[in-house]
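Undergrad: Fit chain S to the known structure of chain F by using the hints.
Read off the chains here:
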Amino acid sequence: MNDSSVRKRERKLAWLAFGGLLALHLDFWRPNREVFEFWIPGLPQDFAYRLLWILLAWLWLLWFCLRLWPIED
Amino acid sequence: MEPVFILSLALYAVTVATLGWLARRKAARSPEEYFLAGRALGPLVLFMALFGTNVTSFVLVGVPAKAFMDGLGTFSLNVPIVALGLPLSFWAIGVPARKAAIKWNALTPSELYSKQLGSPAAGKWLFLFFSIYTLPYMVQAVKGAAVTLESVSDGAVSQTMGAGMVVALALSYTWLGGMRATAWTNVLQGSLFLAFMIAVLFLIPQEFGGWVSAFDQIAERRPDLLTLPQDGLFSKAAWTSWSLVIAITVVCFPHILARLMAAKSERALRAACLLYPPATVLVWLPAVLLGVFAAVFLPEAPSPDQVFAATTSAWLPSWLASLGFLAVLAAVMSTLDAQVLVLSSMLTRDVSGKSQAGKEVQQGRIFALLTAALVWFLAVQWGSSVFDIAALAFSGYTVLAPTLFFGLRWNRFGGRSAIASMLAGNAVLFLCHFNIVNGGSWLPAWWGFWAAILAGFLFQQPPSSKSNRDPLNTATA
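Each protein sequence line maps, in turn, to chains F and S. Just so you know, we're using this note's numbering here: the first sequence kicks off at 1 and counts up by one. Just so you know, we're using this note's numbering here: the second sequence kicks off at 1 and counts up by one.
If we strip away everything but chain F, and leave its shape as in the complex, we get:
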């Protein structure tokens, strides 16, 4: 496989991952979404879920910006 087809596959994968992130944000399918319990002391379950989502989203953004954003300056 040449460089451009690898890059093309990586782009597809990135947009697929983006779709996954959106599905995780629109998480109406998540069981017990509205039930309160602490995940660990001091960290409510839904809040922990959102913090983890933000971390994943930031990692996605790092990947997107550093690998897939062609800088043309």
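Be aware that a few hints might be false.
Restraint-style ranges between C-beta atoms, simulated for each label pair [as the list claims (entries may be wrong)]: (1) K12(F) x I102(S): 29 to 35 Å; (2) R33(F) x A168(S): 47 to 53 Å; (3) P462(S) x K12(F): 28 to 34 Å; (4) P120(S) x P70(F): 46 to 52 Å.
Keep in mind the hints are simulated off the structure, nothing from the lab. Note that CB positions come from ideal geometry on N, CA and C, so glycine has one too.
TA: Just chain S, lined up with the frame of chain F:
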């Protein structure tokens, strides 16, 4: 009024005015220097200019008020999608906008689209919608700052006087130094409210025995605040449509778009995108905590709008609480200056017609003065209904997103498509907002957004028509 507050306010005023004075010489060189800082905003200044402009009293005062009622769900609803959506929208619209602005030598957002689409009429319509939505947004912010000043001064500074002070101070450095002055002051203003919110994040839980202990007490007394509500914006349709609105509305603010056009390089833009998510969490999380803690720990429930003032006064040392009030003023001014500048630049370049370069800067300054005076007048005259109008404004920006995106990334989206898209989107928004048409649980902006896309497609240019522009969709990730 606390002497610390008066002293820090005076120091703040002198500093921002000095920054404006220092930027004045370069600003006077050309309209490009005055309106776009010579397109030379480097990574840090660009990030702070975007972040400072984006964070308003809505985050510092409005978010605690929402969290006071809806609890930690306020964080879940807003922060994740903002942290991802904003940087991505900067890439999707900001990057090609910057390229096109350089190509066409455009200094304002409406001038950019007018030239890019080859349609001065589309540029004029865009200017009209930008103005209609930006003015109430400015008035709301100034009113918020005036109310804060009146409350801190125990009524010594009336709302009329407070609004005048805020507008005059923001105008002073904007008048002198244009975009460069506002970007420099945004670094100071952004640092101020970022530092304050980080202090809140660490100090307020300590008041209640530390983070874990505080959350145990909240779970015991108000467990409802630690989970997601099920109605209002938290219902499925509203959550989905709100996610769309809050993720894409910001890049459609003309004052944000102008800053993106002023980036020195694409690398600077990319750096700003990467810094956005952590900074968003650092400002929003303390704001949400203030609201949640207020609902549980304040002995007397304040009105939601007073949550910020009540909590900072009750739980922070007086000098830090004073800095908190200053942070609110800084947040208001960091947005107001950018709005005054972008409206005056559009009035100069897109409405009043071409004049000599030297005169254009003078003209821009006069329009900035007139815009600021109008905002002050409206802030004093307008009743509370302005808050409803400002809420409509955020939805209005959202329906402009298809024009801003396709106008830069799709060759068959021409002036006709842009005008059809803006008119259809705003018409549907208006019909749903005022319940003339029932949009169900979906927010009016959701329907307006899709109507704008549909109209743009229906009125696309035929494939044979020659476009006067090159495709700018070079950032193809």
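Undergrad: Which of the numbered hints above does this structure break?
TA: 4
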